[in-house]
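Given chain A, put chain B in place with the hints provided.
Number of protein chains: 2
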Amino acid sequence: MTEASICTIGDEILIGQVVDTNSAGIAKELGKAGIMVREMVSVGDEHQAICDTLNSALAKSDIVIVTGGLGPTKDDVTKKVIYELSGSTGYVTDSRQLDIIHRILASRGLDVLGRNRQQASVPDGCRVIPNRLGTAPVMAVTFPEERYGHKAALYSLPGVPFEALGAMDDVISDIRSSFSLSEIRHKTIMTYGIAESALAERISGWESALPPCVRLAYLPDPLKGVALRMSVYGNADNADEIFARETAGLRAILGDAIYAEEEKTLQQVTGELLKTSGKTVSTAESCTGGMIASLIASVPGASEYFKGSVVSYAVEVKENVLGVPESIVSGYGVVSAECVAAMAEGVRRLTGTDFSVATSGIAGPGGGTEEAPVGTVWVGVSSGNRTETMKFSFRNDRIRNMERFAASALDALRKFIISEINYCK
Amino acid sequence: MTEASICTIGDEILIGQVVDTNSAGIAKELGKAGIMVREMVSVGDEHQAICDTLNSALAKSDIVIVTGGLGPTKDDVTKKVIYELSGSTGYVTDSRQLDIIHRILASRGLDVLGRNRQQASVPDGCRVIPNRLGTAPVMAVTFPEERYGHKAALYSLPGVPFEALGAMDDVISDIRSSFSLSEIRHKTIMTYGIAESALAERISGWESALPPCVRLAYLPDPLKGVALRMSVYGNADNADEIFARETAGLRAILGDAIYAEEEKTLQQVTGELLKTSGKTVSTAESCTGGMIASLIASVPGASEYFKGSVVSYAVEVKENVLGVPESIVSGYGVVSAECVAAMAEGVRRLTGTDFSVATSGIAGPGGGTEEAPVGTVWVGVSSGNRTETMKFSFRNDRIRNMERFAASALDALRKFIISEINYCK
Numbered sequence: 363m364t365e366a367s368i369c370t371i372g373d374e375i376l377i378g379q380v381v382d383t384n385s386a387g388i389a390k391e392l393g394k395a396g397i398m399v400r401e402m403v404s405v406g407d408e409h410q411a412i413c414d415t416l417n418s419a420l421a422k423s424d425i426v427i428v429t430g431g432l433g434p435t436k437d438d439v440t441k442k443v444i445y446e447l448s449g450s451t452g453y454v455t456d457s458r459q460l461d462i463i464h465r466i467l468a469s470r471g472l473d474v475l476g477r478n479r480q481q482a483s484v485p486d487g488c489r490v491i492p493n494r495l496g497t498a499p500v501m502a503v504t505f506p507e508e509r510y511g512h513k514a515a516l517y518s519l520p521g522v523p524f525e526a527l528g529a530m531d532d533v534i535s536d537i538r539s540s541f542s543l544s545e546i547r548h549k550t551i552m553t554y555g556i557a558e559s560a561l562a563e564r565i566s567g568w569e570s571a572l573p574p575c576v577r578l579a580y581l582p583d584p585l586k587g588v589a590l591r592m593s594v595y596g597n598a599d600n601a602d603e604i605f606a607r608e609t610a611g612l613r614a615i616l617g618d619a620i621y622a623e624e625e626k627t628l629q630q631v632t633g634e635l636l637k638t639s640g641k642t643v644s645t646a647e648s649c650t651g652g653m654i655a656s657l658i659a660s661v662p663g664a665s666e667y668f669k670g671s672v673v674s675y676a677v678e679v680k681e682n683v684l685g686v687p688e689s690i691v692s693g694y695g696v697v698s699a700e701c702v703a704a705m706a707e708g709v710r711r712l713t714g715t716d717f718s719v720a721t722s723g724i725a726g727p728g729g730g731t732e733e734a735p736v737g738t739v740w741v742g743v744s745s746g747n748r749t750e751t752m753k754f755s756f757r758n759d760r761i762r763n764m765e766r767f768a769a770s771a772l773d774a775l776r777k778f779i780i781s782e783i784n785y786c787k
Numbered sequence: 363m364t365e366a367s368i369c370t371i372g373d374e375i376l377i378g379q380v381v382d383t384n385s386a387g388i389a390k391e392l393g394k395a396g397i398m399v400r401e402m403v404s405v406g407d408e409h410q411a412i413c414d415t416l417n418s419a420l421a422k423s424d425i426v427i428v429t430g431g432l433g434p435t436k437d438d439v440t441k442k443v444i445y446e447l448s449g450s451t452g453y454v455t456d457s458r459q460l461d462i463i464h465r466i467l468a469s470r471g472l473d474v475l476g477r478n479r480q481q482a483s484v485p486d487g488c489r490v491i492p493n494r495l496g497t498a499p500v501m502a503v504t505f506p507e508e509r510y511g512h513k514a515a516l517y518s519l520p521g522v523p524f525e526a527l528g529a530m531d532d533v534i535s536d537i538r539s540s541f542s543l544s545e546i547r548h549k550t551i552m553t554y555g556i557a558e559s560a561l562a563e564r565i566s567g568w569e570s571a572l573p574p575c576v577r578l579a580y581l582p583d584p585l586k587g588v589a590l591r592m593s594v595y596g597n598a599d600n601a602d603e604i605f606a607r608e609t610a611g612l613r614a615i616l617g618d619a620i621y622a623e624e625e626k627t628l629q630q631v632t633g634e635l636l637k638t639s640g641k642t643v644s645t646a647e648s649c650t651g652g653m654i655a656s657l658i659a660s661v662p663g664a665s666e667y668f669k670g671s672v673v674s675y676a677v678e679v680k681e682n683v684l685g686v687p688e689s690i691v692s693g694y695g696v697v698s699a700e701c702v703a704a705m706a707e708g709v710r711r712l713t714g715t716d717f718s719v720a721t722s723g724i725a726g727p728g729g730g731t732e733e734a735p736v737g738t739v740w741v742g743v744s745s746g747n748r749t750e751t752m753k754f755s756f757r758n759d760r761i762r763n764m765e766r767f768a769a770s771a772l773d774a775l776r777k778f779i780i781s782e783i784n785y786c787k
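As you go down the protein sequences, you meet chains A and B in turn. Okay, so the first sequence: first residue is 363 according to our numbering, each after it adds one. Okay, so the second sequence: first residue is 363 according to our numbering, each after it adds one.
Isolated chain A (complex conformation) (with noise of 0.2 Å):
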């Protein structure tokens, strides 16, 4: 099998300031094509960390993907290393990514600065892959056997994540061009609502009667749930076989906290729910602020669905806006099931939508009381039928409260809307 190391350059990632994304992207990208990643290393701008760190992976690993250290405001370190490694006698000038920088700059209205320009300037030794979303060109460099004991590759990407990733399928079909790609095989299955020790008690079973070319992971996020992961690595024939058994088998287990068998947002299945149905939704968030219905907005072609949301922080804005009685606010606080459901009912007459969803609660880390601790949210759903309440608690940080409120509140949504279809049908 094919595998690769993956290279992440820059002081920034290495202080801790910025998160490395591109790595988690690229992986995803050589999967697909059937390259196993074996390493991911991060080094920072130095010449000799980054010559050090190439060669070591091109000893190791067939592919090469290195990223960061070209912006326009960079020291160029990584050029220079490629400079070395591949040989070259000097830079040329790359006339199909000088071209890209002149349309880049000029449809921003900027003038091109020496800094741009000298981006299209590359090491004569290596390829030049444009890089159509930017103004650094990926640079592809191939060695012969006898160099690493292997064939090799190394790839140099623009360290802009969007470009990085942009870039990833013109870097496969050239990896194509000369490597023989196997297959990995992955199923996700998506559920909510079950925390991931009580999950894996629950499918302890299951599990262990997974055939052996099935490789499986837990793969828990605080706005998605638990994902599940199978994997069978080679060329499995029967591997489309041997997931929808194994999905069936699951679905016997959890039921409806399965929420998609493929790698989905529970924002995207609650929408194809409501598209397919021809409904319409609305949100009322208190504690989440807004989260919600930026998450449901955050799905292409929301617009056909998601009407609007009144974030109602202040107790006037429950009350004057959303219509919750004083009553209500007075006699039950506003952290209860009587606040939002009248927060869903209002917010649904309020907007005129199908569905809706609301949220009250304490994100922390002050406030709470001693029936609401901090990481109790009361979550309210409703329709022209009926309106539903419940609770859930968490116990984490303000913004990790906020993503596990929204998810919940997301996934109550998700049923709710799926036990009102099938009751009306």
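Hints should not be assumed to be uniformly reliable.
In this list, chains with the same sequence are indistinguishable; a pair is considered to hold if it fits within one copy or across any two.
Said to hold, decoys possible - Straight-line alpha carbon distances no greater than 30 Å define the calculated DSS-like cross-link-like pairs of lysine-lysine that follow:
1. 422 to 513
2. 442 to 390
3. 442 to 549
4. 586 to 626
Derived by calculation from the structure, the hints in this document are not laboratory data.
Just chain B now, with coordinates in the frame of chain A:
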């Protein structure tokens, strides 16, 4: 200078399904304590790969921090590797960690399962630092000089990010007890509204006049703008003086594009302005879908100044809830100066706040016209005195466009509040 390597373990990282945020968080804490991170490495859940990686890291660095591979559903491969590296002869149960496990599970109303109890069992050749936030403890191993040619220490942290970071204070205390740490001083200046390459041109004279002991990094982030980080390595007694002088130099060039002289977010700074002036704010959002509201709400104590929002995704919500006149919608369209002005004024009236901010734009990928292509956003800011509107253009994917729209709106709000407060003085 004491150097560290950070190793993260997990197939889920290598296949790109999980972004490693632990390394960045750990690196920040190490940097504050004067420990320089020289590399970060991620490897899969394979015994040999973990062994090789840890041995190689211990040979290079004084301190090695490992995370991952310790969750209740993991194979505990890391623990086995630590067993071998530490020359252990058996496992012992750490009673302090077992107590914590019982307490945590009881507080969630859960039974202590075998796999939970197993987490308090550790190789007898390592020291335990209890993890108060979760069930898996920190394991520490100190190696004498003869093992790797220098004194070395290994710390194995739980994989859950908030537990790993929560353990860092105790880990650093432990490191201090056996290593004498030198200093790295950082000063971060937050800027918004100037692209990285334009910023580099603007401050190139200032940058080339920096004293040689200062290193400068450009750290772009879609929600925070470009952070400029100056670093002084070693025991620089005059670091504060240098930072003060250079910051004043930057202020003279960049003016109000600087929004903070420490690591802060636009929503924190805007919140502080509101809090100290005793003013309140609301938002009216179309294309940002509630993201500005949730950013404002993510700051602890936001309820002091944040009243609420209306997400008016549909035209009828703009008209019926925010009171945008139909004549504006039909005459100018919803992506217009007139519309965001009416939205900002509408939400301010509705929620009774001193300030408000509104957005309407095209996040893409679909939609857009010649006048307002994908990536265009109109922002409106309003107070009792006046309403201002402005247009911004970006060229990204949907979610990144929403983030840039939200950050630009927050920055516009920040500048507007400052000018209004100064005007009223």
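A quick look at each hint next to the structure:
Taking the closest pair of Cα atoms, residue 422 and residue 513 come within 30 Å of each other both inside a single copy (11 Å) and across two copies (28 Å). Proximity of residue 442 to residue 390 under the C-alpha cut-off of 30 Å is found in both arrangements, the shortest distances being 28 Å within a copy and 28 Å between copies. Within a single copy, residue 442 and residue 549 get their C-alpha atoms only as close as 41 Å, which misses the 30 Å cut-off; across copies the closest is 29 Å, which meets it. Within a single copy, residue 586 and residue 626 get their C-alpha atoms as close as 8 Å, and across copies as close as 28 Å, so both meet the 30 Å cut-off.
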